[in-house]
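> Put together the whole structure using the sequences plus the hints.
There are 2 protein chains.
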Amino acid sequence: MNINNKIYFVTGNPNKFKEANQILSKHHIQLEMINSKKKEIQNNDIAVIAKTSLKETQKRVSGPVIVEDSGLYISSLHGFPGPYSAYVYETLGCDGILNLLRDQVSRDAEFRSVIAYTENKKTSNIKIFLGITKGKISEKICGTQGFGFDPIFLPLQIDKTFGEIDLTEKNKYSHRAIAINNFASWYLINK
Amino acid sequence: MNINNKIYFVTGNPNKFKEANQILSKHHIQLEMINSKKKEIQNNDIAVIAKTSLKETQKRVSGPVIVEDSGLYISSLHGFPGPYSAYVYETLGCDGILNLLRDQVSRDAEFRSVIAYTENKKTSNIKIFLGITKGKISEKICGTQGFGFDPIFLPLQIDKTFGEIDLTEKNKYSHRAIAINNFASWYLINK
Numbered sequence: 024m025n026i027n028n029k030i031y032f033v034t035g036n037p038n039k040f041k042e043a044n045q046i047l048s049k050h051h052i053q054l055e056m057i058n059s060k061k062k063e064i065q066n067n068d069i070a071v072i073a074k075t076s077l078k079e080t081q082k083r084v085s086g087p088v089i090v091e092d093s094g095l096y097i098s099s100l101h102g103f104p105g106p107y108s109a110y111v112y113e114t115l116g117c118d119g120i121l122n123l124l125r126d127q128v129s130r131d132a133e134f135r136s137v138i139a140y141t142e143n144k145k146t147s148n149i150k151i152f153l154g155i156t157k158g159k160i161s162e163k164i165c166g167t168q169g170f171g172f173d174p175i176f177l178p179l180q181i182d183k184t185f186g187e188i189d190l191t192e193k194n195k196y197s198h199r200a201i202a203i204n205n206f207a208s209w210y211l212i213n214k
Numbered sequence: 024m025n026i027n028n029k030i031y032f033v034t035g036n037p038n039k040f041k042e043a044n045q046i047l048s049k050h051h052i053q054l055e056m057i058n059s060k061k062k063e064i065q066n067n068d069i070a071v072i073a074k075t076s077l078k079e080t081q082k083r084v085s086g087p088v089i090v091e092d093s094g095l096y097i098s099s100l101h102g103f104p105g106p107y108s109a110y111v112y113e114t115l116g117c118d119g120i121l122n123l124l125r126d127q128v129s130r131d132a133e134f135r136s137v138i139a140y141t142e143n144k145k146t147s148n149i150k151i152f153l154g155i156t157k158g159k160i161s162e163k164i165c166g167t168q169g170f171g172f173d174p175i176f177l178p179l180q181i182d183k184t185f186g187e188i189d190l191t192e193k194n195k196y197s198h199r200a201i202a203i204n205n206f207a208s209w210y211l212i213n214k
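If you read the sequences in order, they're chains A and B.
Under my numbering, think of the first position of the first sequence as 24, with each following residue one higher.
Under my numbering, think of the first position of the second sequence as 24, with each following residue one higher.
Because the hints were derived from the structure by calculation, they are not lab data.
Heads up, a few of these hints could be off.
In this list, chains with the same sequence are indistinguishable; a pair is considered to hold if it fits within one copy or across any two.
[Stated by the list, open to error] Straight line, CA to CA, 27 angstroms or less: simulated DSSO-like cross-link-like pairs of lysine-lysine:
1) 159 - 214
2) 157 - 145
3) 82 - 145
4) 214 - 195
5) 82 - 49
6) 41 - 60
7) 49 - 62
8) 41 - 29
9) 74 - 61
10) 60 - 74
11) 62 - 183
12) 62 - 145
13) 159 - 195
14) 78 - 60
15) 82 - 195
16) 61 - 78
17) 82 - 29
18) 163 - 74
19) 157 - 74
20) 82 - 62
21) 62 - 74
22) 41 - 82
23) 78 - 62
24) 159 - 78
Given the structure is predicted, the values throughout are model-derived calculations rather than measurements.
Next up, the structure:
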């Protein structure tokens, strides 16, 4: 049992921490960022990547801990950039994705997020929580909020990209918010 | 010391085995394929990926062993697809790369290969051998030989893609052949 409700979030991305923290603080769950790029394996399944990262993290962190892995999956590109979204954003950027879709009819895409959690005792299991937001890739880059491919992702619910809405609104629709809320629901019952 | 000169090559790609085997057999080094997709981490440096894969492989294979990692690095795309070339080939294919380069002036690129070798005794070190072939990305897909991005890679030495030449000719110029030859030169002195 985790009496003081404090959970570590190992990530090198302060934006991810902000998003998760805004949601978990409403549930009175204290989140502390450990600023460290987690080790990741190459795999097409982000749940496998997150689980493996968490196992490696367990050696270094004492106490309850989460890691998150996420990706943008574009249907007409066979799921690309998927688990390698961060690398693809760094090299090709949003423009690269728009170029790749110039001749494609479908712009269907989804953002996926996986949270992996462990209480971090030797006997404890790893729990996995998934969040998916369906949407489309926009025709051009719109907005400067969020991070990564947010300015080209139009969630189905609204006519704006993730780059055009603030954190509070993004947390109503985003894949990461869904995964974090799924985690919080489970955690508050099981902690 | 490896008396019978037999080395295991752990790879899920028979093309890579064929290329390496053609070269090593000339040096009277016996290569045996262990058909297994090696575990890979996410890293921008293929030497780090190969080294980590070899360490994991050491647990499963008894005897001298090599693994290979390679990638296509395109200058104007900041090195993309680099270490994720296999994934990018599966999702975007050669057409995806040609699309990404439509508006780019430079088509400069290089293929890199890293061989990681260990004699596989607890005390043995891991040795790394690098091969680089400089070239350009062609304007269209040419040839059906080789594998992966071979049909769009023009090595500087000839006016044909790797897809238009046979294995023997590819082994005169290829990044993998250079890395394998570097390994063979070292191995024959140090085995």
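> State for each hint whether it applies.
Evaluation of the provided hints:
1. Proximity of residue 159 to residue 214 under the C-alpha cut-off of 27 angstroms is found in neither arrangement, the shortest distances being 37 angstroms within a copy and 57 angstroms between copies.
2. Proximity of residue 157 and residue 145 under a CA criterion of 27 angstroms is satisfied in neither setting, with 37 angstroms inside one chain copy and 50 angstroms between copies.
3. In this assembly of identical chains, the alpha carbons of residue 82 and residue 145 lie at most 27 angstroms apart whether taken from the same copy (10 angstroms) or from different copies (23 angstroms).
4. Taking the shortest Cα distances, residue 214 and residue 195 sit within 27 angstroms of each other inside one copy (25 angstroms), while across copies they are farther apart (62 angstroms).
5. Taking the shortest alpha-carbon separations for residue 82 and residue 49, neither the intra-copy value of 29 angstroms nor the inter-copy value of 46 angstroms comes in at or below 27 angstroms.
6. When the C-alpha separation of residue 41 and residue 60 is checked against a cutoff of 27 angstroms, the pair qualifies only within one copy, where the shortest distance is 16 angstroms, while the shortest distance between copies is 37 angstroms.
7. In this homomeric assembly, residue 49 and residue 62 never come within 27 angstroms of each other (Cα to Cα): the closest approach is 30 angstroms inside a single copy and 40 angstroms across copies.
8. In this assembly of identical chains, residue 41 and residue 29 lie within 27 angstroms of each other by CA distance solely inside one copy; the values are 16 angstroms within and 54 angstroms between copies.
9. Both within a single protomer and between protomers do residue 74 and residue 61 lie at most 27 angstroms apart by alpha-carbon distance, with minima of 11 angstroms and 18 angstroms respectively.
10. When the C-alpha separation of residue 60 and residue 74 is checked against a cutoff of 27 angstroms, the pair qualifies both within a copy, at 15 angstroms, and between copies, at 19 angstroms.
11. In this assembly of identical chains, residue 62 and residue 183 lie within 27 angstroms of each other by CA distance neither inside one copy nor across copies; the values are 33 angstroms within and 39 angstroms between.
12. For a Cα distance limit of 27 angstroms, the shortest separation of residue 62 from residue 145 qualifies both inside one copy, at 20 angstroms, and across copies, at 25 angstroms.
13. In the homo-oligomer, the alpha carbons of residue 159 and residue 195 lie at most 27 angstroms apart inside one protomer (17 angstroms), although the nearest pairing across protomers, at 46 angstroms, exceeds that limit.
14. In this assembly of identical chains, residue 78 and residue 60 lie within 27 angstroms of each other by CA distance both inside one copy and across copies; the values are 14 angstroms within and 21 angstroms between.
15. When the C-alpha separation of residue 82 and residue 195 is checked against a cutoff of 27 angstroms, the pair qualifies neither within a copy, at 34 angstroms, nor between copies, at 46 angstroms.
16. In this homomeric assembly, residue 61 and residue 78 come within 27 angstroms of each other (Cα to Cα) both inside a single copy, at 11 angstroms, and across copies, at 19 angstroms.
17. Taking the shortest Cα distances, residue 82 and residue 29 sit within 27 angstroms of each other inside one copy (18 angstroms), while across copies they are farther apart (37 angstroms).
18. Taking the shortest Cα distances, residue 163 and residue 74 never come within 27 angstroms of each other, neither inside one copy (35 angstroms) nor across copies (41 angstroms).
19. In the homo-oligomer, the alpha carbons of residue 157 and residue 74 lie at most 27 angstroms apart inside one protomer (23 angstroms), although the nearest pairing across protomers, at 38 angstroms, exceeds that limit.
20. In this homomeric assembly, residue 82 and residue 62 come within 27 angstroms of each other (Cα to Cα) both inside a single copy, at 12 angstroms, and across copies, at 20 angstroms.
21. In this assembly of identical chains, residue 62 and residue 74 lie within 27 angstroms of each other by CA distance both inside one copy and across copies; the values are 11 angstroms within and 15 angstroms between.
22. Taking identical chains as interchangeable, the C-alpha atoms of residue 41 and residue 82 lie at most 27 angstroms apart only when both belong to the same chain, with a minimum of 25 angstroms there against 40 angstroms between chains.
23. Proximity of residue 78 and residue 62 under a CA criterion of 27 angstroms is satisfied in both settings, with 10 angstroms inside one chain copy and 15 angstroms between copies.
24. In this homomeric assembly, residue 159 and residue 78 never come within 27 angstroms of each other (Cα to Cα): the closest approach is 34 angstroms inside a single copy and 41 angstroms across copies.
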